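A.B. asks: The residues making up each chain are set out below.
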Amino acid sequence: MSRPIRIIGQTATWLGLAALVAALAQGPAFSPVADGHGELRLSMAHLAERLVPCRPLTEEERLALPPTRRVTEICERGRSPTVIELRLDGELLVRETVTAAGWHNDGRAYLVTTFAVPAGEHRLRMSLRDTPRDEGFDMEKEFTLRLESGDAALLEVGDGDVRLKAPDRH
Amino acid sequence: MKSDAGGTRPGPAARTLARMEGLFSRAFGGENNPFHHLGALTIFFFYVALVTGIYLFIFYRTSLEGAWESVEYLTREQWYAGGIMRSLHRYASDAAVITLGIHLVRELVRGRMKGPRWFSWITGMPLVWIVIVFGISGYWMVWDQLAQYVAVSTAQLVDWLPIFTDPMSRNFISNEAVSSRLFTLIAFIHLVGLPIVLVLGIWFHLLRIRYPRINPPRKLMLGSMAGLLALSVVFPVFSHPPADLDRVPVSLDIDWFYLAIFPLQAVTSEGVVWALGTGGTILLAILPWLPPRKREAVAEVHLPDCTGCGFCAEDCPYGAIDMVARTDGRNFELEAKVNADLCVSCGICTGSCPSSSPFRQREPLTTGIELPQFPIDRLRREIDQERGRADNSILLLGCDHGPTVDALASDDIHTLSLPCVGMTPPASIDYAMRATGYAGVVIAGCEGCDCHHRLGERWTQERIERIRQPALRKRVPRERLLSVWLKVGQEKRLASQVEAFRNTLEESRKDDGDKNPQGADAREVVQ
Ligand code: HEM
Ligand code: SF4
Ligand code: SF4
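For the protein sequence lines, the chains are E and F, in the order given. 1 is the number of the first residue of the first sequence in the numbering used here; add one for each residue after it. 1 is the number of the first residue of the second sequence in the numbering used here; add one for each residue after it.
Don't take every hint at face value.
Unchecked claim - Below, a list of computed lysine to any residue pairs in the SDA-like style, where the Cα atoms sit at most 25 Å apart:
#, chain 1, residue 1, chain 2, residue 2
1, E, LYS165, F, GLY279
2, F, LYS219, E, GLY9
3, F, LYS337, F, LEU303
Said to hold, decoys possible - Chain E stretches covered by chain F per the calculated footprint, using a threshold of three residues with CB under 8 Å from any CB of chain F:
#, segment
4, 40–50
5, 101–107
6, 148–158
To be verified - Calculated from the model, a selection of chain E residues having no Cβ within reach of chain F, i.e. all distances over 10 Å:
#, residue
7, ALA25
8, ILE74
9, GLU91
10, ARG123
11, LEU128
12, PRO132
13, GLU142
To be clear, the hints were calculated from the coordinates, so they are not data collected in a lab. On a predicted model such as this, the values are computed, not experimentally measured, just so you know. Even for Gly, the Cβ is constructed at its ideal location relative to N, Cα and C.
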């Protein structure tokens, strides 16, 4: 093949490589949330009630323990699963039963999830069950959620407190 | 007349690939065809990323607060140096993904993961993961909105696995929660950890390969560098706005080479990403054994013909031959020993052995090292098939992986397909002309730097040029020898070159027509 054609071929190869790189290295754009939407994050790290409540030791039981370890209460380790439910304007966002962490289910119940939420004002209702029962909730809270497009709000569920943190634009 | 060793021939996919690659050979020439240097090009692109990365690091601030600004400074204020370095750093890393991907597919299509080559194949798998994690960790470093998205998505992927009780994602729920320690850890992984792991991984990948081609030809380095540099100048890389966890990025210009898993994760789930990643890896990893195939017999040493010279060990492309202490009491220090786990049955060692001389008067002919399925005695018998009527004939030695020679067989062309042309002992070329009396010999093997067995084509040329032992004797008239290096599927080009060669042979014969051709019975005695 003649020299000019070879040079054209080689140039085309490297331009082709550059074009392929260029085509995918900075785009096409991807939208993690749709336009006109914000994000609601739920982060829960919640210590639920014990499955079996602690009970005081009888005097006999206490005396049976070594003198340095004479506690007054005995507690089993297991904790109840935590049921969490979120409703946005009455519509169910999530309802999840989270078991307590750890081998003996004695840790916190952890949950992190996100939801795309249309911009605007919403009613957010959180219900939580963290005692060993089958129905009903132990805690219910309602918040007003104001989100603009691209905003992220955080609902943080701790051991005792629940906070909704939304970007303050005022 | 034709003969072949009955080895596996390239399938339709390999032929299609060869046809496509042939276009690049036309532009670059076989030896500089980028497709023949994909592994080396990948290493080269990483090297570019390393050098540019060191430059970036000089100005980089490894903290949540300083990272974005320091990168921004490089990109905008120092656009003429830092900006170009930054763009090159990204584009070279992306180019590495392209060459890596084609390298993988190419080895797959050509079936070069079977047999003892499983090792290179399997050690290639973790490299894919290392490279992807390397790239992803790099995107954290900018700490812009894209980095934020990558961090959040990575955390979600990690949280899907039952590793941490306290989810990693909790680090990224708000600006206050972001852990600068975690950020420093990721930076450390990208700057120190993964470079070391990658180098070790590549070293391991090449462990069973003798003389691996680590550097691509200069022409390819310069050309690809020019392309990426031009891209860096014309389309420099920019950051997104700084990370802000009170916001969620609405639109991201992502690098699909490294970050495509995150959109996939967004539209499917973490579980799907893990399933595809591990499932795909496992599927690829078992390919070398699918379908199970009987292994070809490996090379065998014949001690009475081995002087322990070590040529075969020097030439074996897969390091399958060890030189060990003599076991048969003969007065040599060493002997060759084949490691069956490493031998790919290419026969190149037969071509290396000084004892591989068809001139030796011995029935059957033996040599120091040979393949049981294609012993040197068979090679001599094949060559001798035309004895008595060879003076107008051409001996065409081909291989099972290059251009198919069988179709060229005719009354005056005797073809023979070897496992690799590197198997041809130089003495057999001499023998074919002097003893059998062929008018000419053609060696037709895989194109430059593309030998299926890696080094057969190179050793053959070096033996003919007398820069490698055993060298083709000076007395062999080079004008009666033609070597052609082509791809499978390029049989037409082979045919026309052989035709032209035959014409020149005929003309030169006419010129010295009165001289007698070599006496066909003049068997030369060597031992
Ligand atoms: C960082 C990524 C990689 C680099 C830098 C790399 C580099 C190389 C190099 C330099 C060679 C030697 C070429 C020669 O001298 O003949 C090679 C061979 C090979 N590579 Fe890779 N490689 C990479 C990834 C992979 C992957 C992902 C696979 C497939 C899963 C793979 C499969 C192979 C095979 C099968 C061979 C051996 C071919 C033979 O037996 O001759 N490589 N690679
Ligand atoms: S046949 Fe090939 S791989 Fe096997 S020992 Fe000989 S040169 Fe090495
Ligand atoms: S090349 Fe031949 S003689 Fe030399 S060590 Fe190998 S088998 Fe022995």
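A.B. asks: A separate judgement is required for each hint: does it hold in the structure or not?
C.D. replies: Status of the hints after comparison with the structure:
no.: 1; hint: E:LYS165 / F:GLY279; in the structure: violated (40 Å)
no.: 2; hint: F:LYS219 / E:GLY9; in the structure: holds (13 Å)
no.: 3; hint: F:LYS337 / F:LEU303; in the structure: holds (10 Å)
no.: 4; hint: 40–50; in the structure: holds (count 3)
no.: 5; hint: 101–107; in the structure: holds (count 3)
no.: 6; hint: 148–158; in the structure: holds (count 6)
no.: 7; hint: ALA25; in the structure: violated (5 Å)
no.: 8; hint: ILE74; in the structure: holds (25 Å)
no.: 9; hint: GLU91; in the structure: holds (20 Å)
no.: 10; hint: ARG123; in the structure: holds (21 Å)
no.: 11; hint: LEU128; in the structure: holds (18 Å)
no.: 12; hint: PRO132; in the structure: holds (21 Å)
no.: 13; hint: GLU142; in the structure: holds (21 Å)
Violated hints, listed in ascending order, are 1 and 7; each of the other numbered hints is respected by the structure.
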